[in-house]
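The two chains are supplied separately, each in an independent frame; assemble them into the complex guided by the hints.
Those protein sequences? They're chains A and B, same order as listed.
In terms of the working numbering, the first sequence has 10 at position 10, counting the first letter as 1, and numbering is strictly consecutive.
In terms of the working numbering, the second sequence has 1169 at position 169, counting the first letter as 1, and numbering is strictly consecutive.
It is worth saying that the hints were derived from the structure and are not from the lab.
These numbers were taken from a predicted model, which means no experiment stands behind them.
Heads up, some of the hints might be wrong.
As the list claims (entries may be wrong) - Restricting the straight-line Cα-Cα distance to at most 27 Å, the calculated cross-link-like pairs of lysine-lysine (DSSO-like) are:
hint, chain 1, residue 1, chain 2, residue 2
1, B, 1160, A, 113
2, A, 80, B, 1160
3, B, 1026, B, 1097
4, A, 96, A, 86
5, A, 86, B, 1160
6, B, 1154, A, 113
7, B, 1038, B, 1026
8, B, 1160, A, 124
9, B, 1066, A, 113
10, A, 96, A, 124
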Amino acid sequence: MGLFERSLPDVQLFKIADLAVNWGRASSLWPMTFGIACCAIEMMAVGAATFDMDRFGAGAFRATPRQADLMIVAGTVNAKMALIVKRLWDQMPEPKYVMAMGACTVGGGPYWKHGYNVVKGIDKFVPVDVHVPGCPPRPEAIIEGVRFLQRKIMAKRVLAKGAEGTPDFTGISVSPGTVGILEPTVRMPAPPAAPAAEGARA
Amino acid sequence: MTAAEALEQLRKDGQGDGVELFAGPKDAALLVRRERVKAVLRHLRDARAFGCDLLVMVTGTHLTEKKDAKGVLVRAAGFEVIWHLRSVTQHHLLAVKCRLPIDDPRVDSVADLWPAADWHERETWDLVGITFTGHPNLRRILLPEGWEGHPLRKDYVYPKEFGGINLEVDAPWPTP
Ligand code: SF4
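Isolated chain B, as found in the complex (with noise of 0.2 Å):
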């Protein structure tokens, strides 16, 4: 199933609203507006036509913003979070996205649908800082407690020491 028949199935069953096509460079994957995101999600769970019985992945990015040879604006700053879903009997993988604006990165929690969303959902949080709401326990999971900031974003600064050990580089690398 591709992304474009799953958006004609989506629209048959009604769930159509707020999905569009996104066309990538690679494949193409479902976009979805974030107040539609959990309902979409469920749906493709749920559906016999879909049957995505397994959420392979959760992760998200930080998009900076893009502009043209012209200068006009293509894409505005934001960050974007991909759920990657598989149905194990029929055997086809779809991608999910939901763009956010970078002033509030918040989406629905799925957790409660696979529960694999979980530690997910916490190690995006983690690393990229987007907060999903109704998450049972959303702290850090990779980085130590206590760490200020999310590295994954473009604007991180590297921290100079944690817990007092010293996490500063030397010496400059060596030009050759």
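Okay, chain A solo, but in the shape it has when bound (with noise of 0.2 Å):
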């Protein structure tokens, strides 16, 4: 948001607008087109009739990067690959938001062992905002990453100061019905510890 990020006194009425920005974001969040391996056959899946992510408004999938909000990196990502999905996610505007899907992008997966050539885990150069293990990870398992993800952007600050993930909404009355499938007072899990590669990402 601007000059405004995060520097706005922690009052009721900075807090209600976050919300509202938060919904919104949360609430339209579209993919990116971008399948590299099998996996990408899921999250077409995904996308398709049966379990259609549109009904969590993250079934807009859109072939640019410039549009997108969420990139979804579907399947094994080797050397050559990682340099173009670093690309990718650099031309993204913000806010955005990285899935991890499939064993293969969480750690490696089936070639973690013998992959001269397979980055072991995408996020040794984007920062991944959700983890959905799998090989390749049933199509529940993928809304349940974007579910997971709606709640942790739900919790975010976006105007006003004061410490992330764990949004205080108390007070505030939203009815279940204005802000769709999120409840308001959702809190985020507390984070594991942080591993020791934490350097290596930025």
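Here you go:
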């Protein structure tokens, strides 16, 4: 949010504004059409009628990084492709989110040991918001990942100061109908202990 | 047509020089000396009796030294190039092999006989490091430009990073 990014006082008014902005962001996640390997087939299934990710506002797959909010990295990322994934991520406008889909992007997957060319987890070069394990993950798992990401977005601070990840919406009465699928009082689970390679992820 | 019949036919045609039978564990193949590879493959393509008009694949292997139980050398370290040829009209499949020394893996290209060989030879060079002399455009095809080494060699060391991308494994595999 440009100039005011997390600089305004932590008062009720801005909390409500944050809630509105986050609700907008979380409810219209536009993923990027970018499949790399076998996982992409499951990603397509999620967009199709049976699972229909549009129910959660995340079904508008865009064919360009400029119009996308969410990069679903679906497939084995090797050294050659990693440079391109990185460039696509750089081309996406803020706010942007990354979902690592499948065992390959989470940590190398089947190519963990003998993949001389496979990156052992995309969090080595892009910041990942949500990891969805599986080889490939079932469509329900991807939907779960999107729902998790939406909860994560709802917990963010946009205008107001304050710690992220622990949204405090007490006293704000928003009927469930207003925020659709998202409960306004949702709390993020405590983050796991920081991994050792934290510095390498920046 | 089996490999033995093919060898017989080659000898009849006066092309049997430097060709012998390779009795593998499953299928027999023709083992050709390096200098004769191109002439023999050309004959297999052009002669009516063979008519191998389709090159199915070209591939290579890195062979390590092999000794028997008494410590006698059975096979020296080296490279092997394999061509699989098929005749569409006569319905047979032939395998041709060639052994190359470890310090000079170099063999004639057949990209001018079968255009299909172009990319296969590039792949073989990319992954195993066998040089095909006379190839029009011998550069990497699967791995990115600037990659070092040939990954399917037995002594290949995995790279730690490429182009700023970290390729290392964070943690060792958990032991149960
Ligand atoms: S995780 Fe499994 S299904 Fe997904 S890209 Fe890797 S190998 Fe394919």
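Hints, verified against the model:
1. B:1160 to A:113: Distance ~13 Å between residue 1160 of chain B and residue 113 of chain A Cα, so the pair holds.
2. A:80 to B:1160: holds, 14 Å
3. B:1026 to B:1097: With Cα atoms ~14 Å apart, residue 1026 of chain B and residue 1097 of chain B stay inside 27 Å; holds.
4. A:96 to A:86: Holds. Residue 96 of chain A to residue 86 of chain A sits at ~13 Å (cutoff 27 Å).
5. A:86 to B:1160: holds, 18 Å
6. B:1154 to A:113: Holds. Residue 1154 of chain B to residue 113 of chain A sits at ~15 Å (cutoff 27 Å).
7. B:1038 to B:1026: holds, 25 Å
8. B:1160 to A:124: Holds, at about 12 Å.
9. B:1066 to A:113: holds, 26 Å
10. A:96 to A:124: Holds. Residue 96 of chain A to residue 124 of chain A sits at ~17 Å (cutoff 27 Å).
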